[in-house]
Amino acid sequence: MRKMETRWGIMLAILGILGYFLWNFGPMVASFTLAFTDWGIAGNPRFVGIENFKELFDDFIFKKSLWVTFYFGIGSVISSGITAFITALLLNQSIRFKSLFRTIFFLPAIVPAIANSVIWLWLFNPTFGLLNSILQTLRLPTFEWIYNENQVIPSLILMSAWQMGYIMVIFLAGLQGIPQQLYEAVSIDGGNWWHRFRYITVPMMTPTFFFQTVMGLIGALQGFVQPYVMTNGGPNYASTFVVYYIYQNAFRYGKMGYACAISTIFFLIILGLTILIFKTAPFWVYYEAEKGR
Amino acid sequence: MNKRIIGKVLLYIFIILSSLIFALPFIWLLRSSFMETGQIFILPPEWIPKPFRWQNYKEALSVYPFGRYFLNNLTIVFLVELGVLLTSTIVAFSFSRLRWKGRDLLFILLLTALMVPYAVTLIPTFILWKALKSIDTYRPLIIPAWFGGGMFNIFLLRQFFLTIPYELDESAYIDGASPLRVLFQIVLPLSKPALLTVSIFTFMGVWGDVLGPVVYLNSTEKYTLAVALANFVSTYTGQWNYLMAASVVVTLPPLILFFIGQRFFVQGITLTGLRG
Amino acid sequence: MPEVAKIFEKNNPGITVKAMHIPWGEYIAKVSAMLAGGAPPTLGYTMETIALDWAEKGELLDILPLIRKDPDPAIKMENRLPSIAFWYDKKRKTLGTSVAAEVMIIWYNKEIFDKAGVPYPPTDPTKWTWKKFVDTATKLTVDVNGKHPNEPGFDHNKVQTFGVAFGNWYMVWFPFIWSNGGDLCDPTGRIPTINKKEAVEGLQALVDLIYKYKVAPTPAQLGALPAYHIALQTKRVAMVIDGQWSLLELGRLVKAGQLKLGVAPLPILKRPVTGVIGNPIGIYTKAVKDKPEVLDAAWKFYKFLNNSETVIELIRTGLWMPIQKWWYTDPEYIKKWIEDTGIHPPEYKEAVIDYTLKYAKPVPVYYLRNFDKINDIMYQELSNAFLGKISVQSACDEIAKKIAPLLAGRYDK
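Residue numbers (my numbering), protein chains in the order written: chain A, 1 to 293; chain B, 1 to 276; chain C, 1 to 413.
Hints are computed from structural coordinates only; laboratory data are not their basis.
Take every hint as true, because none was put in to throw you off.
Restricting the straight-line Cα-Cα distance to at most 20 Å, the calculated cross-link-like pairs of lysine-lysine (PhoX-like) are:
id	chain 1	residue 1	chain 2	residue 2
1	C	K413	C	K93
2	C	K147	C	K158
3	C	K260	C	K349
4	A	K98	B	K192
5	A	K54	C	K402
6	B	K101	A	K3
7	C	K270	C	K361
8	C	K402	A	K64
9	C	K300	C	K18
10	C	K93	C	K286
11	C	K76	C	K325
12	B	K130	C	K286
13	C	K349	C	K361
14	A	K64	C	K401
15	A	K291	B	K101
16	A	K98	B	K8
17	A	K63	C	K401
18	C	K212	C	K131
19	C	K286	C	K57
20	B	K222	C	K18
21	C	K235	B	K50
22	A	K54	C	K373
23	C	K93	C	K69
Take the sequences, apply the hints, and build the full model.
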């Protein structure tokens, strides 16, 4: 059995491994190598040793963007994860027009970025935006939202909770994957909805949560387009994400080598976090297929 | 009984109210597509087009050969979907239901493909495809999909495959089945929601991709809808009503696909042959 | 642009132009990839901020030798507007000029002026004083209760019509910094002067329009306004500080009879001055190297694009301004440019054409190293000043400190 599994395992994984080494490995190594050069796309790369990495330590934009990126990344993984899970649970019940509602909740993920931006520029507007109007009616304090350097990231996290369509779909699919028998077994034993939720839904969903944690973090750390359209990275760098800064260095500042150095450091951080999350998996992720193996 | 009804009513009110918020951008887009440019960006937004301009659609769609771009898109999407569904399932199966040495370490290594920003890998990747004489062809957009279909999909499927009890495979192996047969006859039939999820995401990813086609294609006639739409913005600056009409048209296929596709997310799978 | 290529092909049999239409958001990534891959386009639009860097490193062709060999007067540097020239290597090499000039001016809606009984701005910038400008803007700014900013009870949060609108970006900053006698850095391009009194006061004048005189929208209010041409048409704004290029969109409204458009120079703080900008077209060295026939064809196309006569349609629609000097001095050419277009307002000749020739100054993109990054830093630091959170002085002090290591001299010196 073991031998059979090893042989087949490598054979079936080979396409993925090959794909990685054909299309990803080379460019990745190239970018790590370029991190030790001074290159601006024009001209030829010049080896500069660890100059770029030294420069990083004095680069206030890099340092700020690192903080901003993790603040947003962790915040948005949590906020969009929770929103998506609640929505998926609601839309997995037997309610009317389920298809329609599911589609509607997925809409922000489909429409062009411009539509999302305009809507949120309106919602966030301090003087006549919808959010402040609601807060005013409820006699709650109002905010300056994206026009304040301390409030811009919480605002963008709020917005990302609303753009959770993708995660909702993954969670819905996860909920479908839970065998009905398990719920029936709990009911037979006299369990109520809370027992079903706590002892079946949640543990059976942990593989999906795990996926969302890892991919959400990688994705949130990498994305910058939507926030950039709305805030231009400001005010005062408060929404300048690392990846945006990498892009600027690579294509606009003529500092591709430096961009590669930033991305190398950034890569190592993400890799470390990913390994950390993987290490925690045995403590909280329940894999039915691993049971008794 | 009464309590149940009140609960249901509250549930519906909650869902309807929140769905309004989620529908906002699409409603905004749709009504913009019937407006004159002057009315589109008035804030707070106006919701009724005045005057109502059907002709935005006619005029917007006559700007580019949208039919051709649509076909280009379909070709790419079809070939990518095929590659992704076929290969990502096989690779994910190996990483979840077969045990072999170094499997989990290798998995994390493959995941690193997603951790380097495209800004620094774009140029080396481009040079690679150029060396393969594939610039101005669809190859760079399609071929990678046939090599595992990307780590996002492999990872997603892996997680789903791991929720299916292993006893099912075990009994099949005892009956002399090969791993491929286990994959196609036992695991995949139980993974329809996951496969559907992968298909929808793949479709949307390809459909909306601007950077890929722009970087690898040189001939305008090979462009896709998303590129045409992006070009529309820079060429017809200010004519937002046409842009909105074109955007609605480009948004519809994924929307319809999702609407139809999610119907297959039906409550719960039923396992057969599972020893309780 | 593809249409322009077709006209060129018709006039130059034997040369085919394969036009690539690239979305602007992906343009720089695409061209960079082509360049790094060793197969750049033959010629193309180049981002102003990166053009000189690429030229200096030899990726873009120095066209001075080609200009010398060519008798065509339209291509000679001395016949083109000096304010849009890209020089490098101590002015021994050049990329030519921007393919079109775009000057910063004020567009306004005449109906708003008429209704308020306020005289139109003068077309001679020396008469368009700051005081007159602020007075005009104050009279034109009205809140929903019909109150002006200088009246008690005026509500800045409920403004019906703003007197003037402007964005937070370099084409707005520099004319006012210069007009007040300041500058970003010293003439060598190595020492920051942005935190000196003159420069700070120039920027302060802009911020004062928002918070002191309350005649301009805050950044949040600006974000809620539609695009400038719509804001003017719908009377949300009476005047906008913007580029000439907006005439393309404004012109459509004028032709449709939906806007009575006027144009004026920028108001002055101490002296009249404005900024000018425009993308250059570069010839890529690798694409023409050792291929004399390709170079020959590329040069013909370059000349075609850089001759305002042949691209006159783009000029008459309002998108571009010509680049040869005679378009600004010779009445015959001016006629060809603006007569019977149906969109150029009557003040255009004085407020734009004469103004550009006399008072337009190149912005630092044309000569300063690392300008793109310096610009980003200025934008970020000034964003809090434009939001009214910090003083312009402290923003400028921060800028001076942060850009000091980036000031590495000029391309043309």
